[in-house]
Amino acid sequence: MSVTSTMNMVQALNSAMDVMLERHASVVVLGEDVGYFGGVFRVTDGLQKKYGAHRVLDTPIAEGGIIGAAIGMGVNGLRPVAEIQFADYIYPAYDQIVSELARLRYRSAAAFTAPLTIRTPCGGGIRGGQTHSQSPEGVFAHVSGIKTVMPSNPYDAKGLLIAAIEDDDPVIFFEPKRLYNGPFDGDPDKPAQSWLGHPMAEVPQGYYRVEIGKASVAREGSAVTMVSYGTMVHVCIAAAEAEGVDAEVIDVRSMMPLDMDTIAQSVEKTGRCLIAHEATRFAGFGAELSASIQERCFWSLEAPIERVAGWDTPYPHAFEWQYFPGKQRVQRGLRQLLNIEG
Amino acid sequence: MSVTSTMNMVQALNSAMDVMLERHASVVVLGEDVGYFGGVFRVTDGLQKKYGAHRVLDTPIAEGGIIGAAIGMGVNGLRPVAEIQFADYIYPAYDQIVSELARLRYRSAAAFTAPLTIRTPCGGGIRGGQTHSQSPEGVFAHVSGIKTVMPSNPYDAKGLLIAAIEDDDPVIFFEPKRLYNGPFDGDPDKPAQSWLGHPMAEVPQGYYRVEIGKASVAREGSAVTMVSYGTMVHVCIAAAEAEGVDAEVIDVRSMMPLDMDTIAQSVEKTGRCLIAHEATRFAGFGAELSASIQERCFWSLEAPIERVAGWDTPYPHAFEWQYFPGKQRVQRGLRQLLNIEG
Amino acid sequence: MSKPTLHIPAVPARPGEAPDFSYVHLAPAGAALRPDPRVPVRETVELADSLIRVLDEEGKARGAWDPKLEPSVLLAGLQNMVLTRVFDDRMQRTQRQGRITFYVRSYGEEAVSVAAAAALAETDMLFPSYRNQGLFLARGVSLVDLMCQLLSNTRDMCKGRQLPVMYHSAEKRVFSISGNLATQYPQAVGWAMAAAIKGESQLAAAWIGEGSTAAADFHHALTFAKVYKAPVILNVVNNQWAISTFQGYAGGEQRSFAARGPGVGIAGLRVDGNDFLAVYAATQWAAERARSGEGATLIELVTYRAGAHSTSDDPSRYRPREEFGEWPLGDPVQRLKQHLIQIGTWSEAQHEALLATVEEQVATAWKQAMAFGTLNEGEKLDPKLMFSDVYKEMPAHLQLQCAQMESGI
Amino acid sequence: MSKPTLHIPAVPARPGEAPDFSYVHLAPAGAALRPDPRVPVRETVELADSLIRVLDEEGKARGAWDPKLEPSVLLAGLQNMVLTRVFDDRMQRTQRQGRITFYVRSYGEEAVSVAAAAALAETDMLFPSYRNQGLFLARGVSLVDLMCQLLSNTRDMCKGRQLPVMYHSAEKRVFSISGNLATQYPQAVGWAMAAAIKGESQLAAAWIGEGSTAAADFHHALTFAKVYKAPVILNVVNNQWAISTFQGYAGGEQRSFAARGPGVGIAGLRVDGNDFLAVYAATQWAAERARSGEGATLIELVTYRAGAHSTSDDPSRYRPREEFGEWPLGDPVQRLKQHLIQIGTWSEAQHEALLATVEEQVATAWKQAMAFGTLNEGEKLDPKLMFSDVYKEMPAHLQLQCAQMESGI
Ligand SMILES: Cc1ncc(C[n+]2csc(CCOP(=O)(O)OP(=O)(O)O)c2C)c(N)n1
Ligand SMILES: Cc1ncc(C[n+]2csc(CCOP(=O)(O)OP(=O)(O)O)c2C)c(N)n1
Ligand SMILES: [Mg+2]
Ligand SMILES: [Mg+2]
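Chains as they are written, first to last, in this note's numbering: chain A, 1 to 342; chain B, 343 to 684; chain C, 685 to 1093; chain D, 1094 to 1502.
These are calculated hints, taken from the structure and not from any lab test. Ideal Cβ positions, reconstructed from N, Cα and C, are used throughout, including at glycine. A hint or two may mislead.
Stated by the list, open to error - Below are the DSBU-like pairs computed for lysine-lysine, each with C-alpha atoms no more than 35 Å apart in a straight line:
(1) A:Lys214 with C:Lys1076
(2) D:Lys1161 with C:Lys687
(3) B:Lys532 with C:Lys1068
(4) A:Lys214 with A:Lys190
(5) B:Lys392 with C:Lys1068
(6) C:Lys1064 with B:Lys532
(7) D:Lys1161 with B:Lys556
(8) D:Lys1485 with B:Lys611
(9) C:Lys1076 with A:Lys50
Said to hold, decoys possible - Stretch by stretch, here's where chain A covers chain B in the computed footprint (C-beta under 8 Å, at least three residues):
(10) 427-435
(11) 476-483
(12) 624-631
(13) 644-654
Stated by the list, open to error - Partner residues aside, some chain A positions facing chain B, computed with beta carbon under 10 Å:
(14) Arg55
(15) Pro92
(16) Ser99
(17) Arg103
(18) Phe112
(19) Thr280
(20) Gly286
(21) Trp299
(22) Ile305
(23) Thr313
This is chain A alone, in the form it adopts within the complex (with noise of 0.2 Å):
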């Protein structure tokens, strides 16, 4: 593998987009404010000077065309990587994605595909207030036909958007945008971290791959199976930790394909699991998760499996860290698991 450099998320995902318009002609790069500009959060700072105007395209605010232009796109030979500024406003691509991008292989017996990624930051925890905080995982984890990923370190950010532009198959690539510059544990009051000095800030300039539909061990242990992604997973490790627990965290990755078997053996080696993830409770996609786990652990469940998400409500701006699942609401989900008083 290539020489390695610190980076934070954004420069990683920004590398990924460097390495794949460099060694493939059909990608090309759209969206909102991604070229002359680089993207609000900066992501493509510098691929439009490099690759051309042609390739890295400004568009027109309309994410139900920047979609259907895509998938055109995907059809006649290229390979877009398509950027929806905030996961909050995906919504009015909802119907190119679900009934087109998602269908298109099917409908036409593979006659016809478009092998389009999705880049999209995610989550709360910059004061974005309720239209830039949203996780809508769960509302495209549903839809046969796509893939969902979310990477919470800046090696799997790279390593996971560049097997999604490889990708023949669409696929939906959630940014947890709080982890663009540092990891984040839930506590808005510590100074901000940065990615500097840790492990998966350690990235290859160059080509590699995460796959897709691979789960990660993010920290082992024995006691309770933690299964999360995107932020929450800095925030279960920190929980653990501050609760002592030797908990095993699961970084799920990829919510679609999802990778069963590494969280089964987990749970079934603990007996009891947690699921945390920002985005509200109510049929999110932890429901999934833990339905999927009861089935195939029940018998070696001594909890019940408990889930920590975001409240079923918008996402409010004064009451940014009340609502964000933090690690105090992760610790009491350890112990109500580990049914430790108080």
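Since the structure of chain A is already known, use the hints to place chains B, C and D with the ligands on it.
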């Protein structure tokens, strides 16, 4: 309660709108082909003739526009009942529903609200193929701020629709189109049944409500709890009878708010639970049911909760009956649950 | 001051009333000017509001828009239109007999598809709606292939997954038809953008009905086509009806659909959609404009949906039965036939013979197609096909579900 | 034949380059004709492509569009524009000081909101974007109320749920601002449809930026407004930029945004958005048209976003710093001030005095607002408010979650 007459679900829904248009000048009906024509399923038949083109509106073919405009009407004091011709075509309105309809009360601290009812036929069983058969309730149940309802018979259909129109919160009202003209136990080879003679087809001609947020016990039993809604309620009953299992069948009726008390009571009694819906399984609403039941009834569960659902593929035209989670599949689920061999 | 009241678009005639097409303003054949295909958008504002017609009442070709086609081209056009109509009638009958579950005819609109296909290059990519079967037939997709799709049988190109009429042909460059209205419109624009990015000279052409212009994707397509000057032809088939909804409900009152083109800054043409020569000429003009780098053209094709919306529809509930007889733009097949007779390359006798041959051709194809089974009879598709092509490789959970299905779970 | 290549909209000047507004074609003040507000849509095609201006270089009011306003009305307009600007500057500073998390100024666009509010009836319903604070101020929503929203403090009208600037005022009939672009556009049309259904004479008016015209809801709004002749005024604020994206990327090249109106069949006006009198007159014309039952008008207001997109933005990354100085339509405050001095009802001295008073007024309001706490200091909102208003009554699962939050879970 006023005199009753036998109605199929189409007539019951039509009667609900008729009653409400009569009672409140603020009620308006709008949608594609709902006016002069009376709707492709005839659910709004005769209403424009009776209440005029200003209260029963044919609209342009733009689901997003229909809901966007209906929200504005609601803000201006009307109670719009919008029809989306098929649930498969609701996605162009997803942004207006999720970002606006579901959020308006919250973000404006109740200064502005839009009491909207969105009616839409869902489910398969009529050879509609993948774009006339979907059951997308899951991607709405996950959204805070809207209620989601699905009746399984004419009596509930009318009572719930009246309650939905009177509800000051937005309601997505799913109509299992396969039940429009008769109950359906999942066996396509039997001659189609009519509602005639079915107890729940005895419908009061006038005004009455069925409360949103209360499940009903469609069949009492003690061996196993079957939790379902819409068409699958009838399939569950048929499967239980065919299998000779003393099953309690619960008709959820409203996914959000969800009547967990009724469900949990039954599961605590039976110790076994099967969840059945027509929507695709992965991250579908059944996952939330399973997760919530497992959280509340863990210690009374004698076997893993079983999910029977549509396969995780689009709804295929030719394989409709291999796709549909019919009697056989539910029976197998029951045997699995009761660990009966074969 | 008169208080505003909600305007309800006028519908010319309902069942029981006499057909009324006074709202259709006819320009005489040959009247419309034909500017150079590279003109600035503004110079098409007039054309977007008038009606480009070539064939006059006697079937003579008139004016600057006459594409001056070889008789062989005209004849091929007539044959393909006749083929489309005979195919439609036959498939509709098979639906009535319960052989297929659903069908959509293009009766009365055959020129819209057939003339456009004739005017475009074989390498241009077509994005049809469900009422453009003429594109598949004109491009030479085999009758048997189309019929097998309708039958969802063992040779179904969609492997049983799609409703009848949702065809596609990668080989003949016709895109997969979607059940969701208008979605193909921005896709066609994106396809054209990709061609331009790659420096290839193929165009994309897309079709939707006038009712579908209200959909968001219509706007997406026009905006992206305008911004990037995409080499695409955007056709709006104004057949007056969207199921039971008259075109006024899509915004057709006073203003043409073609006018939306110049409105956003792309060229607009309004064309007699039942005039084979006019449709051919307008498509040719738009293709030349696109290929020369001047970008997209919005073409409104004025026609009439002579039949029911689909086999699930009964138009006698919402419009007078005899409307088509009164339709001022006539029947596209009759009009081209008349022209061919008029220029002396065709006769009633030859036409009778053509009909007979085509009937025969369709009947034979149907027998062949039936031999591969139907939805309910004969050899059947393997239900395992339900699980493939959801993804390129079948993920674990689908392999499991597929196994469960096989074991009857 | 030149192969089509992807057209990339031109951006007149990037950082380091000299500002270039040669693409802005100015009609002289007073040149535009003013047709009767009831004219057929077609007769507005010209107006949609020209530029309605009243104030000339010397600040004289010229031509048929001069609304001939009482000095008192003009003065009130000036005061509200000055108030808007001073408020914006002050709030931006408080954001820099970390008192509020986010802010959006309307610097350079004040006339767009203030003049429109002045021309409409108090009972008309306004659907603003996040850059129309002038509507709230002109309608007399109190500074303290707006500031408390910005501070998410104990008096926050949004109860802490919304990002700063997402105001609303049911009392003053200004709708709740959404973070999602363009969604208010079809809602305004629906509101107007409801008024027409009820036979009430209030209008709705909505505002979006030129960049947002690409959104689906722009099309939905125009289509529904056209079909039902809804009494609504649809304003497009063309301030040349959408964050870093120049208006050409929304389709502004060659064709005006106003032209989309006549394109779909509603009236269109293109107006000097920095000319208080022109904006007032155009709004008045559109209101009269709507109230007389002739339906909607699309008004393009040509202006310039003089400041950053928001406090999260740094425009020096994508456009020359000195652009606003070169902007041919000048500064709306200066231009109205010049006019008032020109007609002898105002002086530099009075203007200085006004500035001082308004600064004082804003400073005082800020002190009052701060007394109700800020996001991080002083008295705080009860977090339980997070769970109310999701539904009218709090459902069981939210009661449970609320209890869990309180018990610290
Ligand atoms: C998004 C969406 N909404 C609604 C429908 C249901 N529908 C099918 S065809 C049709 C009418 C379309 O009319 P038009 O666009 O004029 O085409 P035509 O049938 O006249 O060729 C409708 C409403 C659909 N298929 N997709
Ligand atoms: C649906 C949606 N997409 C993207 C965004 C992110 N966004 C916020 S403002 C903005 C630019 C809007 O530009 P314009 O419409 O011209 O309004 P202006 O800011 O110039 O007033 C964008 C892209 C959003 N808020 N909503
Ligand atoms: Mg039509
Ligand atoms: Mg702008």
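Now the hints, each set against the structure:
Taking the CA atoms of Lys214 of chain A and Lys1076 of chain C, the gap is near 17 Å; set against the 35 Å cutoff, the hint holds. Between Lys1161 of chain D and Lys687 of chain C the CA atoms are separated by roughly 26 Å; this keeps the pair inside 35 Å, and the hint holds. Between the alpha carbons of Lys532 of chain B and Lys1068 of chain C the distance comes to roughly 25 Å, so the proposed pair stays at or under 35 Å and holds. Note on Lys214 of chain A and Lys190 of chain A: the hinted pairing holds, with a Cα-Cα distance of about 32 Å set against a maximum of 35 Å.
Taking the CA atoms of Lys392 of chain B and Lys1068 of chain C, the gap is near 50 Å; set against the 35 Å cutoff, the hint is violated. With a C-alpha separation of about 21 Å, the suggested pair Lys1064 of chain C and Lys532 of chain B falls inside the 35 Å cut-off, and the hint holds. For the proposed pair Lys1161 of chain D and Lys556 of chain B, the alpha carbon gap of about 63 Å is over 35 Å, so the pair is violated. For the hint pairing Lys1485 of chain D with Lys611 of chain B, the CA-to-CA distance comes to about 33 Å; that is within 35 Å, so the pair holds.
Between the alpha carbons of Lys1076 of chain C and Lys50 of chain A the distance comes to roughly 32 Å, so the proposed pair stays at or under 35 Å and holds. Under the rule that three or more residues need a Cβ within less than 8 Å of chain A, the assignment of the segment 427-435 of chain B holds, with 3 such residues. Counting residues of the segment 476-483 of chain B whose beta carbon lies closer than 8 Å to any beta carbon of chain A gives 3, which reaches the threshold of three, so the coverage claim holds. Chain A is given as covering the segment 624-631 of chain B, and this holds because 7 residues of the stretch bring a CB closer than 8 Å to a CB of that chain, at least three being needed.
Only residues whose beta carbon comes within less than 8 Å of a beta carbon in chain A count, and the segment 644-654 of chain B has 6; three or more means the coverage holds. A cut of 10 Å between beta carbons decides the hint on Arg55 of chain A: the least distance to chain B is about 29 Å, and the hint is violated. The closest approach between the C-beta of Pro92 of chain A and any C-beta of chain B is roughly 5 Å, which is under the 10 Å cut-off, so the hint is satisfied. A least Cβ separation of about 6 Å between Ser99 of chain A and chain B falls short of the 10 Å threshold, and the interface hint therefore holds.
Given hint, Arg103 of chain A at the interface with chain B, holds; its Cβ is 6 Å from that chain's nearest Cβ, closer than 10 Å. Taking 10 Å as the C-beta cut-off, the interface hint given for Phe112 of chain A is violated, the closest approach to chain B being about 15 Å. Taking 10 Å as the C-beta contact cut-off toward chain B, the hint placing Thr280 of chain A at the interface holds, the least distance being around 6 Å. A least Cβ separation of about 7 Å between Gly286 of chain A and chain B falls short of the 10 Å threshold, and the interface hint therefore holds.
For Trp299 of chain A, the interface hint holds, since its Cβ comes within 10 Å of a Cβ in chain B; the closest pair sits about 8 Å apart. Because the closest C-beta pair between Ile305 of chain A and chain B is about 6 Å apart, less than 10 Å, the hint holds. A distance limit of 10 Å between C-beta atoms decides the matter here; for Thr313 of chain A the minimum to chain B is near 5 Å, and the interface restraint holds.
Checked against the numbered hints given earlier, the structure breaks hints 5, 7, 14 and 18 and satisfies all the rest.
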